[in-house]
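Throw the hints in and build the complete structure from the sequences for me.
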Amino acid sequence: MTEQERKSIHIPEICRVEGHSAVHVDIAGGKVTNVTLDVFEGTRFFERIVVGHHCEEIPHITSRVCAICSTGHVLAATFALEKILEFTPTDLTSLLRELMHLGMIIESHATHIYALALPDYLKVGDLLEFATKHTAEFEVWTQLRNLGASIQTIIGGRPFHPVNLHVGGLTKYPSSEELEPLRHEVSKAKDLALQTCDMLLGFRPPVARTTSPVFLALKPYDTKYGFFGDTIQSTDGWEDSIENYRQYLGEVAVPYSHAKRSAARSKPLMVGAMARLMLFGQRLGRNARAVYTASALYEGDSNSLWNNLAQAIEIVEAIEQAETIIDSLLTKLPGSHSHTPALMPGCIEEFGGGLHPGQTGLKDPALKGGVSVKRDDKIRPSIRAGQAAGAVECPRGTLYHFYVLDDQGHIVAADMITPSAQNTFRIELDIREIVSQSQAAEPATLQANLEMLVRAYDPCNTCATHMVSIAYK
Amino acid sequence: MDHSRQSLPCIAIHSLTGCAGELLVILENLDKILPFVQVVSFPFAQSKNEMRPVDIALVEGSVSQPHDLEKLRAIRSSARWLVAVGNCAVWGCVQKSACRIWSPEQMVAAIYGEGSPIEALPSQPLDSHVRVDVKLSGCPINATQLLSVMASLLKDHLPYITHKCVCLECKLKENCCVLIEKNLPCLGPITAAGCGALCPSFGAACYGCWGPCEAPQMEAMATILSEKGYQTKEILGRLAAFGIPDELLSQASSAWAKV
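Quick mapping for you: the protein sequence lines, in order, are chains A and F. Just so you know, the numbering used here puts 340 at position 340 of the first sequence, and the rest follows in order with no gaps. Heads up: take any position in the second sequence, counting from 1, add 473, and you land on the numbering used here.
Read the hints as simulated data drawn from the structure, not as lab findings. The model shown is predicted, which means the values in this text are computed figures rather than measured ones.
The calculated lysine-lysine pairs, modelled on PhoX-like cross-linking and capped at a C-alpha distance of 20 Å, are:
1. F:K637 with F:K608
2. A:K224 with A:K190
3. F:K608 with F:K544
4. F:K505 with A:K133
5. A:K219 with A:K83
6. A:K133 with F:K521
7. F:K544 with F:K521
8. A:K123 with F:K521
9. F:K628 with F:K505
Put into structure tokens, the structure is as follows:
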């Protein structure tokens, strides 16, 4: 083999993604011999960090895995822990959690589409150019992002790292004075979301992978399109309980990379907006479905670059679902004031975020309670030992949390599997397929296309980092 | 590019190991800063990035691997003002708390398996390794505080950031005290203000995500929680979660030594 035949492509740092990652491709004799998506974000060991902490502290800690999907990390942890505690939240709590999650979907997708992915299509190099030369797009991003942030701020207290979502419910319900303007803001954004879809429908992907991955997504609890569930469904014709995630997401060694990769029953998989549409697109509401059926996705085109469009379709769906939920909340919530929650009527508490009398070492149970009034003992979770998995569909795909609790409510062991870690295998395969078919391409163009491809997966390396190759024992 | 912009001060926005939350806050407020600066590096949000001397470097995240440390040293040597943004950069946040109990080697082995090539350092805030000019804590940071830090530094003036405790903000909001009235394990008395007493305003206990306030009364905090009936293990777990320095934690422990 001559030196001319041996070459490599190296992208030392992929910009405009969350966290830090690099791509390395080796080519020898016209064949791709090695592909690595190297995540070099520092490790943070969340599976260790949470050990020893009380279960009530966990959502606040796991939220810090990743800012942009913090609501997802809070909810996945909460669902797993409430399953162990055999706690069923009220309908009102479930609706608020769902709305909160939709807020995250809108904010995260809008930021990914506009601030991270779009500069490739618009060919802008820096933010100033984006903000000053593409003011219309910049404005749509600002408005959609602000909507997602408003939803999460009204329910959770801030745009990310929410303070109002706890194991056992919320400590404060939003007031109708807050929800009514929000309802208006949501409706106003629908056109912007549809506009985003139109824009992305018009972009032709410059490259395409040659095989289709196995898509995985949670099967939503009810019949509508959704982000919460207990069963994983695959386009490969199987479904399984999330409790078995270790079995079906087992790792495989891949010939062209040094690391082992997470796979769907040994096949490379893709999770995220596109996977959800491929599996449950039939369940979309009216407007989102209209865009979906007009797209190449509906015709079965599984080019990963369409994930950007899939996210835009989900923004439309999230906005429509948010309208329905807010309408329903407005009939369920009593009018209330936004301050001094414990004393004002209408600020109903399920749970104060503190310890439970007689369960975790309170010397005097009578001390608990104070003025926090009208706690219903029946709906308060009681501490018990056990283990369970919880999962949500985050903007980037299925996120699994798993915990083992002792009888005092302290974490004994934990595991988290993020969407980005699940997608790594398929991203590498995509790169391999694209490089194999476009070796004649100009190196700069090829590199730009590869970056665009990786970005379309919306990888979140702050999430993926501590789970890149988990050794199951 | 507009010629007149080339004389504007240069800023760079970098991240080490963290959740990227500060980057989001900066990105969402960048339109307010952009008219006054040139952004020479912001890999999270733009493709054209240069490593060259800047007037202000904003750094998010903790130092948790050798790569972070190399990067931080390079940033420090090229920045006139180095601003640590967020709890990770100022205190070390949640990743630092686990490092008190386990060594990085033990954690690598437990999570990635024995013999993993992953390199890790015990997570530390920036000032454990380099001199830091301004510390802006928060998890995430407060956008108003960020903008006032930028406004001050652009006038070559060190900003004033309050380090009083959260209770002051809470009292101004006329919240009922969740620690005294509801017996929740609220860390407001020892936590720096800046969030607007968010958790207590939502009827929940502050969990210290802003890091410690100035002169925190650790022993008194531990004593009152103990009197409320919380177990020692519980209290230490809550106090330690968001990167509080070891010497402050040992002050809390002295509360039990006296009993």
